[in-house]
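Every letter in the sequence shown is one number past the one before it in my numbering, and letter 205, counting from 1, is 191.
Read the hints as simulated data drawn from the structure, not as lab findings.
Each hint should be verified, as a subset may be incorrect.
FRET-style restraints, in silico, Cβ to Cβ [said to hold, decoys possible]:
#	residue 1	residue 2	range
1	Glu205	Glu137	22 to 28 Å
2	Glu137	Ser191	38 to 44 Å
3	Ser138	Arg208	26 to 32 Å
Cβ coordinates follow ideal geometry from the N, Cα and C atoms, glycine included.
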Amino acid sequence: MLRSYAITDIGRRRKLNQDFVYLSEEPVGNLPNVFIVADGMGGHNAGDFASRYAVETIIEEITSSSEKDPEVILGNAIEKANTYTRRKADEDDALAGMGTTVVIASCLDRHLKVANVGDSRLYLVNDKIEQITIDHSLVEEMIRMGGIDRESARNHPDKNIITRAIGARDTVEADFFDIELEDGDMVLLCSDGLTNMVEDETIRSIMKEEGSLQERAKELVRVANDNGGKDNISVIIIEPLVGEVEHD
-13 MLRSYAITDI GRRRKLNQDF VYLSEEPVGN LPNVFIVADG MGGHNAGDFA SRYAVETIIE
47 EITSSSEKDP EVILGNAIEK ANTYTRRKAD EDDALAGMGT TVVIASCLDR HLKVANVGDS
107 RLYLVNDKIE QITIDHSLVE EMIRMGGIDR ESARNHPDKN IITRAIGARD TVEADFFDIE
167 LEDGDMVLLC SDGLTNMVED ETIRSIMKEE GSLQERAKEL VRVANDNGGK DNISVIIIEP
227 LVGEVEHD
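When you get a sec, could you build the whole thing from the sequences and use the hints?
Shown next, in the form of structure tokens:
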């Protein structure tokens, strides 16, 4: 049995919510469930259009896919979303330059299949919190090359510059992850409106609090807003193995 909850919030500083979340605990095409967070970018209405349009395209492609391999299904859907987003931007000057991050998860028995483009994240939370996805951002590249440390990166002036996005180029490269789930694991998908405002360890402690998933998700949003709420905040919490019993 699987439980989940999704929430998106405009935050304290933005006039528009350019994030888009999607949740289905029921099968979508050949995937048993699908969870998506997208964080759009672009002037005026372009960012919110990009995130919504890309997610809708991804869902359509997953639904119609005859493939069985989750990575192939997700990869094809992301590529199609990139192609269609580029095409839309070319057709309408108001949408020129739009793009979006995307992080997608699907739980298959005791495995979590993940795909991401950009800097929206997926975390695995249990006794510790582990970021599974790797940000496609300028600052993350600087960290990997040893230019700055992770603590300095939190307040770096270029921290919002991403190096990959759906709609940014004619081709898109997604990263894929396959995580083996253990009893008690929780999964968090989120936009950077959460992670820029709330430390990982605080996220973990809120995720492990008593109460419903809805209460915990709303608490994450509240803390992000109390800490400044500089961006839109989107959260999906999943408990993938509720009531599962470990077999020998």
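We went through each hint and held it up to the structure:
1. Separation of Glu205 from Glu137 is about 25 Å and conforms to the stated range, judged on CB atoms against 22 to 28 Å.
2. For the hinted restraint 38 to 44 Å between Glu137 and Ser191, the CB-CB distance of approximately 19 Å leaves it violated.
3. One distance hint, 26 to 32 Å for the beta-carbon pair Ser138 and Arg208, holds here, with the actual separation near 27 Å.
In summary, the structure is inconsistent with hint 2 from the numbered list given earlier, while agreeing with all the others.
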